[in-house]
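Visitor: Given chain A, put chain B in place with the hints provided.
The residues making up each chain are set out below.
Protein chains: 2
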Amino acid sequence: MEENLDGLSQQEDLENEPDLTSVVEQAFDEEDYDEVLSLTQELHPADMAHIIQQFPAQKRLKLVEFLHDKISGEILTFLEESVRESILPLFTTEEVAAAITEVESDDAALILEDLEEDKKREVLEAIPIEERITLEKTLSYPEYSAGRLMQREVVLCQPTWTLGQLIDSLEDLENIPEHFYDIYVVDEENKPVGEIPLSWVLRHPRRTPVAKVMNDDVRTVPVDLDQEEVAYIFKRYGFSSMPVVESDGTIIGMITIDDIVDVIQEEASDDILKLGGVTEESSLYSNIIQASLSRFRWLFISLINCLIASRVIAHFEKALDEFVVLAFLMPIVASMGGNAGMQTLTVTVRMLSMYNLRVGHIVGSVKREIGIAALNGIALAIILSSITIAWTGNVKIGCIIGIALIFNFIWSGFAGAFIPYLLNRLNFDPAISAGPIMSTTTDVVGFSVFLGLATTILF
Amino acid sequence: MEENLDGLSQQEDLENEPDLTSVVEQAFDEEDYDEVLSLTQELHPADMAHIIQQFPAQKRLKLVEFLHDKISGEILTFLEESVRESILPLFTTEEVAAAITEVESDDAALILEDLEEDKKREVLEAIPIEERITLEKTLSYPEYSAGRLMQREVVLCQPTWTLGQLIDSLEDLENIPEHFYDIYVVDEENKPVGEIPLSWVLRHPRRTPVAKVMNDDVRTVPVDLDQEEVAYIFKRYGFSSMPVVESDGTIIGMITIDDIVDVIQEEASDDILKLGGVTEESSLYSNIIQASLSRFRWLFISLINCLIASRVIAHFEKALDEFVVLAFLMPIVASMGGNAGMQTLTVTVRMLSMYNLRVGHIVGSVKREIGIAALNGIALAIILSSITIAWTGNVKIGCIIGIALIFNFIWSGFAGAFIPYLLNRLNFDPAISAGPIMSTTTDVVGFSVFLGLATTILF
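Protein chains in written order, with the numbering used here: chain A, 1 to 459; chain B, 460 to 918.
Wrong hints could be hidden among the right ones.
[Said to hold, decoys possible] Only pairs whose alpha carbons sit at most 30 Å apart, straight line, appear in this in silico DSSO-like list of lysine-lysine:
1) B:Lys579 x A:Lys59
2) B:Lys521 x A:Lys318
3) B:Lys855 x A:Lys318
4) A:Lys367 x B:Lys521
5) B:Lys579 x B:Lys596
6) A:Lys212 x B:Lys529
7) B:Lys578 x B:Lys529
8) B:Lys518 x A:Lys367
[Stated by the list, open to error] Restraint-style ranges between C-beta atoms, simulated for each label pair:
9) A:Arg206 x B:Asp577: 49 to 55 Å
10) A:Asn394 x B:Leu549: 50 to 56 Å
11) B:Ser599 x A:Ala211: 40 to 46 Å
12) B:Glu602 x A:Ile387: 34 to 40 Å
13) B:Phe525 x A:Ile378: 31 to 37 Å
14) B:Ile846 x A:Glu246: 53 to 59 Å
15) B:Gln617 x A:Ile289: 56 to 62 Å
16) B:Phe918 x A:Ile387: 27 to 33 Å
17) A:Ile457 x B:Ile846: 28 to 34 Å
None of these hints come from the bench; they were simulated from the model.
C-beta atoms are modelled at their ideal positions from N, C-alpha and C, and glycine is treated no differently.
Extracted from the complex, chain A is given alone in its bound form:
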C-alpha cells in the first residue's frame, strides 16, 4: 500500500488525496492500527494535519490519542485553530512545552493562545526562561495585531558593513529564522534604515557596501497594527516581508508573506461566512451543538425581521381579504428587493474590506448603486407587470406590482450601500450586521409599498 502511494506522481497524489484520509479512516474503523501507522508515518506535517482535520469530530480525538507521540509541534501549527484547541487537552504540559520550543515564536504563540488559562501558565513555566519572556511579550500584544503575527527571529546588519561581513555574520547567529527573504539594515538605535532582499545579497560581490545595495525606502509595520491592515499593505505593494517596529521605531520582529497568506484566507473566509449568516469560522469543524448555537443568533434576528414584516402585512388585512391574489404576489416584491439589496451589500462589504471604498466617495457609491438597482428594477418591473397582467387579467394590479418593485429596488440600492458604510463608520462589522438590517428594511418597504398602493388604488 505504502509503496503504491509513494509511487504516485504529485498530481495524482493531490487528486487521490481525499482517498488517503478515507483509507486511514477505514483502517482506523477496522482497528487495523498497523495500517494506520504505516499509512501516516512518512507524511508531510501539513498532510498529517489535513487528515486529522478531515476526521469527523468524534473520531478525531481517538485518532489523535492513538497517534499521540507522532504529533509534532509543526503538525499543530498546520491545524485550524478550532481543531487545535479541541485536541490540545490530550497532551501533557511537558509535551506542549516541548512542541512549543520546537517551532518559531509566532507559531508558538498560536499554540499557547489555544490553551486554557491554567495550562497556559503551566506550559510557560515549563519552557526555558528566555523563550518564556519572548512568548509572554508576544502574548501581551492584542490578538489579531502585527505583534502576534510577527516572528522575533530576524536578521539585522549595519549600513557600514560590506555584504561579505553580512554573510559571515550569519554563521554566528543563533536565533536565525528557518526561512527569511529580506535582511534589515538598522542604525545604532536599532531603527530600520534599509532592507536587502536575499537575492540581492547573492547577486553582488562580497566587497560591496551594504549601504550601496540596500533599498532605503523601507516600510515598517507598527506592532499594534491590525492584521487585516498588515495584509492590505502586503497585498498592495507586493512585499515579501516587512519589519515590525515598536512605537519608538526600533525593530522587534518581522512578518513574512507566508503569514499573510493565512490572514488573507482567514479574513476572506470570515467575510464569506458572516455574509452567509454564520458567525463562527469554528463551525466548519466543530460539533453539531456548537455549530447550531453559533448559527442560532443570526436566525433569531431573522425571525424578528420576519415578525416585523408579518405585522406590516397584517396592517393590510382588508386588502388581502378582498383580493387574495395580493397574497400570492406580495412575497415577490419583498424577496426581489432583498435579493437586489444583497447584491449591493456584498459589493459594498467587499469594497470596504479591500479598502477600496473611500470615505469621500460614499455619496458617489450610493448614487451608483441606486442607479444600478433602478435600471434592473425597471427592467424586471416590466417583465413582472406583464406576467401579472397576463395571469390576473387585472391591469391595475400589474401596474401596482411594477411600481412597488421599482420603489423597493431603489430603496435596496440605497440601503445595501449605505448601511454597511454606516456600520463601518460606527465600528460595527458590516459583513455580519448589515444583512439582517437591510433585509428587514426591504421586507417592510416591499410589503408596505405594494399593499399600501393596492389599498389606495383598488378601493
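Guide: Below, chain B without anything else, positioned relative to chain A:
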C-alpha cells in the same frame, strides 16, 4: 503640500491616504494640473495604481490621458484587470510594447491578455523576438493555469556544484528574476531534483556541495494545473515558491508566493460576490450599465424563483381566503428556511473551495447539516409557535407554523449541503448556482407545507 505628505509617518499615511485620492481628484476637477503632477510624481507604482483605480470610471480615462507618460509598465501590473483593460486603448502599440518589455514575463502576459486581438498581435510584433516567443508560449497555456501564473525567469544549478559555484554563476546570468526565494537543482534533463532556499545558501560555507544542503523532496506544479489548485498547495504546505514543469517533468518556470496572494484574494472575492448574486468581479469598477447587466441575470433567475413560489401559494387560494392570517405568517416559514439554507450553503461552498470537503464525506456532511438545521428549527419553532398563538389565539395555526418551520429547516439542511456538492460534482460552480436553486426549493417547501398543513387541519 508635498512636503506635508512626505512628513507623515507611514501609519498616518495609510489612514489619510483615502484623502490623497480626494486631494488629487479635487485638484484635477479644478484643472490645477501642476498640483496633480506634484501630488503624484514621487508615488510608489502601487499607490499610483490605487489612485487611478479609485477615480470614478468617467474621470479615470481623463486622468490617465493626462498622466499618460508617467504610466509605467509596473503601474499597469498593479491595476485590477477590468481597470487595466479599460485604459489600455489609450496607449499606442509602441508604448504598450515598451511597458511589456519592462516587466517580468508573468506580468507581461497579464497586460497582453487584456488587449484586443488585433492590438495584441501588433504589440507582439513590436517586441524583441526572444521575448515574443516566451510570451506567445505563456499565452498558449489556458487562462487561470499555472503556466499563466509562472515567471520564466528562474535560477537553476547542478547537484554537482558547490554553493560558491552557485553564487558565482548568478553574476553571469542575464535573465535573473528581480526577486526569488529558492534556487532549483536540476539533473541533466532539466528535471528538478532539489531546491535550496536562499537563506540556506547564505548560511553555509562556500565550499559546501549543493547536493548536501538541498531539500530533495521538491514538489513541482504541472504547467496546466488550475491556479486555484496551485494556491491550495502553497497554502497547505506553506511554500515560498515552486517549480513549474512540463508534462515530461522538465522545469520551465516558477511560481512565487506573491503571485499566490493575488490568486487567493481573487478566488475569495469571486466566491463572496457570487454568493451575493454578483457574477462579475468587474462590477466593482465598471460603469453602471455593465454592472447592471452583470447583476441582471441572477435577479432574473430570482424572479422565476419568486413566480414559482407565487404559483405554489395560488394553489391554496381557498385557505388564504378563509384565514387571512395565513397570508401574514406564510412568508416567515419560507424566508426562515431560506436563511437557514443559506447558512448551510455558505459553509458547504467554503468547504468545497478550501478542499476540505471530502468526496467520501458528503453523507456525513449532509447528516451534520441536517442535524444543525433541525436543532435550530426546533428551537425557533417553539418561539414562533408561542408568538403565533399569543397573536392569533389559534393553537392549531401555532402548531402548524411550528411543524412547517421544522420541516423546512430540515429540508434546508439537506438542500444547502447537497446542492452545492452535487453541482460541484457536475462541474458547475456551486458558489453561483446553488443559491438560487436552494432558495427556490425552500420557498416551495415552506409555502406548500405550511399552507398544505393548514388546508388539511383547518378545514
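Visitor: Next, verify each hint and record whether it holds.
Guide: Hints, one by one, checked against the model:
Only pairs whose Cα atoms come within 30 Å are accepted, and Lys579 of chain B paired with Lys59 of chain A is rejected, the gap being roughly 56 Å. Between Lys521 of chain B and Lys318 of chain A, the direct Cα distance comes to roughly 57 Å. Violation of the 30 Å bound is thereby established for this hinted pair. Distance hint between Lys855 of chain B and Lys318 of chain A is fulfilled; the C-alpha atoms sit about 23 Å from each other, no more than 30 Å. The suggested pairing of Lys367 of chain A with Lys521 of chain B holds, with an alpha-carbon distance near 21 Å, which does not exceed 30 Å.
At roughly 14 Å between alpha-carbon atoms, Lys579 of chain B and Lys596 of chain B fall within 30 Å of each other, so this suggested pair holds. For the suggested pair Lys212 of chain A and Lys529 of chain B, the alpha carbons sit about 27 Å apart, so the restraint of at most 30 Å is met. A C-alpha spacing of about 21 Å is found between Lys578 of chain B and Lys529 of chain B, which places the hinted pair at or below 30 Å, so the restraint holds. Taken as a hint, the Lys518 of chain B and Lys367 of chain A pair is honoured in the structure, with Cα atoms around 16 Å apart against an allowance of 30 Å.
Against the hinted window of 49 to 55 Å, the Cβ-Cβ separation of Arg206 of chain A and Asp577 of chain B comes to about 51 Å, which satisfies the hint. About 53 Å separates the C-beta atoms of Asn394 of chain A and Leu549 of chain B, a value consistent with the hinted range of 50 to 56 Å. Hint check: Ser599 of chain B to Ala211 of chain A, Cβ distance near 45 Å, so the stated range 40 to 46 Å holds. Distance hint check: the CB atoms of Glu602 of chain B and Ile387 of chain A are about 39 Å apart, consistent with the given range 34 to 40 Å.
Between Phe525 of chain B and Ile378 of chain A the C-beta distance comes to about 36 Å, which sits within the given range of 31 to 37 Å. Checked against the given bound of 53 to 59 Å, the beta carbons of Ile846 of chain B and Glu246 of chain A, roughly 55 Å apart, stay inside it. Range check, Gln617 of chain B to Ile289 of chain A: about 59 Å between beta-carbon atoms, so the 56 to 62 Å window is met. Separated by about 30 Å at the C-beta atoms, Phe918 of chain B and Ile387 of chain A satisfy the suggested range of 27 to 33 Å.
At about 32 Å, the CB distance of Ile457 of chain A to Ile846 of chain B agrees with the hint of 28 to 34 Å.
Hints 1 and 2, counting from the list given before, are not met by this structure.
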